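Heads up: the sequence lines are chains E and L, in that order. Residue numbering for the first sequence follows the working numbering, beginning at 22 and increasing consecutively. Residue numbering for the second sequence follows the working numbering, beginning at 26 and increasing consecutively.
Check the hints yourself; a few may be wrong.
[To be verified] The list that follows gives simulated cross-link-like pairs (lysine to aspartate or glutamate, EDC-like), each with its CA atoms no further than 16 Å apart:
| id | chain 1 | residue 1 | chain 2 | residue 2 |
| --- | --- | --- | --- | --- |
| 1 | E | 285 | L | 461 |
| 2 | E | 285 | L | 65 |
| 3 | E | 168 | L | 177 |
| 4 | L | 94 | L | 59 |
| 5 | E | 325 | L | 59 |
| 6 | E | 285 | L | 63 |
| 7 | E | 294 | L | 108 |
Because the hints were derived from the structure by calculation, they are not lab data. What you are looking at is a predicted structure, and each value in this text was computed from that prediction instead of being measured.
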Amino acid sequence: MAARKGSASSAKAGANVSAEELTQYYRDMLLIRRFEEKAGQLYGMGLIGGFCHLYIGQEAVVVGLEAAAKEGDKRVTSYRDHGHMLACGMDPKGVMAELTGREDGYSKGKGGSMHMFSKEKHFYGGHGIVGAQVPIGAGLAFSDKYKGNDNVTFTYFGDGAANQGQVAETYNMAQLWDLPVVFVIENNQYAMGTSVQRATKSPDFYERGIAYGISGEEVDGMDVLAVKAAGEKAVAHCRAGKGPYILEIKTYRYRGHSMSDPAKYRTREEVQKIREERDAIEHVRQLLLTGKHATEDDLKAIDKEIKGIVNDSAEFAKESPEPALEELWTDIYADVAPQNA
Amino acid sequence: MATKILMPALSPTMEEGTLAKWLKKEGDTVSSGDILAEIETDKATMEFEAVDEGVLGKILVAEGTSGVKVNDPIAVMLDEGEDASAADEAEAPKAAAESPASVPAQAKSADEPADIPRPDTSPDWPEGTPMKTQTVREALRDAMAEEMRRDENVYLMGEEVAEYQGAYKISQGLLDEFGAKRVIDTPITEHGFAGLGVGAAFGGLRPIVEFMTFNFAMQAIDQIINSAAKTLYMSGGQMGAPMVFRGPNGAAARVGAQHSQDYGAWYAQIPGLKVVQPYSAADAKGLLKTAIRDPNPVIFLENEILYGRSFEVPDIEDFTIPFGKAKIWRKGSDVTIVSWSIGVSHALEAAEKLAKEGIEAEVIDLRTLRPIDYDTVLASVMKTNRCVTVEEGFPVASMGNHLSAVIMERAFDYLDAPVINCTGKDVPMPYAANLERLALITPDEVVEAVKKVTYR
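When you get a sec, could you build the whole thing from the sequences and use the hints?
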């Protein structure tokens with residue numbers, strides 16, 4: 022067991038990465054950012070209602086970790102979930118149509134932004150209660166261990182959820198039973214409006230597993246290659262039957278906690294500085310250009326393609342009808358056991 | 026092409042706002058993410074960011090304007106190099122939000138009864154079935170063991186279920202037969218292991234989560250309701266939590282307020298859950314087997330005082346009892362007494378006393394509180410014209426209240442007296458023996474209630 026500060030693997034990993042991989046990460050991160058910007062726009066137009074939590078700024082976390090996953094691996098997160106769904110290959114159209122509450126949404130319009138699922142992509146939500154997804158993630162890992170396969174569950178939660186009691190309960194059981202679960206703490210530094218420093222005197226979340234015997238490390242979440250390298254290490258640990266692993270990924274959200282957050286708890290300069298100096302997409306863009314893996318025109322073509330995908334998803338989400346009124350009364354009880362796994 | 030920028034909705038409830046300040050002026054170049062303006066909503070002052078890049082062609086709403094409706098055009102954006110006159114030609118936006126579709130006028134419950142009660146009067150097992158005497162405790166253990174033999178994805182987890190053989194010895198012998206992989210001692214961590222069980226159910230297993238008592242399940246109630254009960258609906262039917270939460274519920278004896286609460290009415294309120302509260306050993310066995318096979322989350326509320334009571338249990342392979350089918354323990358024509366769990370014991374004792382005074386009570390055991398067998402209750406009340414409900418739980422928002430409402434709606438003209446709800450008293454459970462006796466429902470109170478509704 023060890024807890025390590027910072028990731029040593031970033032620069033080295035960057036040296037070995039192929040042009041194809043870099044381009045893929047650029048594309049995947051850009052899709053999330055453009056999708057979220059569009060979602061924010063549709064929210065402003067009243068097409069998306071209720072709470073809507075955007076992932077802008079944190080894209081490298083899910084894209085880096087999905088690069089370390091294999092088919093069969095599972096993922097579960099809280100309500101800031103659009104990026105996770107896009108990164109694991111869910112259809113932007115189905116996600117956007119769920120945001121607009123339409124029948125072609127992943128939950129037929131009955132879940133909304135915070136409650137979305139895909140059995141096919143092993144995405145188990147999309148949970149609205151801060152921290153509740155953490156024991157659920159350990160339970161998913163429990164089911165894989167019970168069945169004797171080598172799948173791993175990525176259990177995402179924020180710096181806010183990290184202070185929930187059930188997280189400590191889950192660490193204890195996950196290590197006790199050697200469950201193959203990667204606990205991913207997306208530390209974006211603010212639990213809604215409360216900064217980490219105002220919420221705990223133990224701000225190094227990667228160390229929180231030490232008491233239970235769980236190794237952890239801190240990762241630069243604005244560097245997709247560093248995230249991927251750390252993810253591969255954590256996954257290898259789990260697949261080898263060594264139990265859970267903690268990754269505290271330092272990231273930053275550019276937008277408010279939700280659409281209705283005026284964000285008065287931090288300065289505009291703080292946000293602007295990170296956007297200008299640390300942006301994860303800009304980082305990969307520079308790697309592509311300076312490494313002569315892509316030209317400005319190549320990247321422009323990708324930008325255009327992504328914009329097209331996002332605009333199509335928005336059009337689809339506007340055109341899709343509202344759910345039939347009978348849907349009010351469906352899916353309350355299952356007649357046959359759902360084939361979850 | 027010129028595009029209009031519309032007044033954004035910046036909170037779930039915002040309908041209009043004040044355009045407090047423009048941070049860009051006409052002619053400024055705008056990049057995606059730039060702050061265009063500050064807008065005051067009903068809650069706060071918000072920064073409004075640009076989505077598209079271009080040039081701010083024309084400001085249509087001056088800063089300081091209040092009462093700007095959501096989706097009204099507030100400015101026009103031009104593409105790089107486009108003439109400002111294009112701003113005037115930009116089309117008026119269409120209203121984005123459609124009027125909400127009409128919803129069914131009358132709220133209905135998913136298991137609302139049909140108008141004429143049609144009770145299922147079929148016997149639970151065929152006549153002539155060989156019977157054996159078993160305690161509720163043994164019946165529950167046999168149900169779990171049989172289902173674990175039948176389906177390898179069924180496993181049991183909870184505090185002291187394995188090596189200790191169960192705090193109340195319900196899981197006696199299961200560790201020996203099924204091993205530590207399937208009979209799992211948990212740390213004392215109800216919220217955590219309930220949530221872990223939900224995740225395992227999402228992952229394809231069929232967990233039985235034992236709470237040492239349902240009083241401790243209050244620590245886990247978020248996982249039971251928000252995660253287990255609601256996910257099938259929230260996922261549009263893609264995934265749910267086929268699992269059983271079980272353990273003793275209600276008062277035992279002299280364990281005080283924090284260990285003596287009946288949660289039947291709490292869980293029965295939740296769509297997505299099924300709720301079982303058996304009385305006899307045969308029902309405990311048949312209903313637990315049904316619960317383990319059910320593809321939904323089931324709350325299985327046992328009773329510690331009943332664990333040691335013996336009943337006749339049919340000695341047949343694969344014996345199950347369906348949910349939503351009440352059992353009539355005693356036929357009668359003068360009054361209907363509706364109960365479940367240990368309340369049935371009080372009801373039957375009261376019925377014996379009443380019979381000596383010439384009042385014949387019909388005693389119905391609901392067995393499951395969700396779904397509820399309304400038909401059996403209504404058919405009986407239409408016959409007897411009088412009803413008393415008996416439960417251990419608190420009086421406010423009790424199951425009896427709900428049953429009374431349904432009887433009033435569906436059988437009002439048949440009633441010759443108001444329905445009386447016999448419940449536990451509206452106090453935390455006291456420890457002192459004499460006070461505890463006062464707090465709990467007793468057969469004598471049931472007798473008294475029956476006399477009231479029969480005007481004796």
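Problem - Those earlier numbered hints the structure runs against, lowest number first - result: Hints 1, 4, 5 and 7 are the ones this structure does not satisfy, whereas the remaining hints hold.
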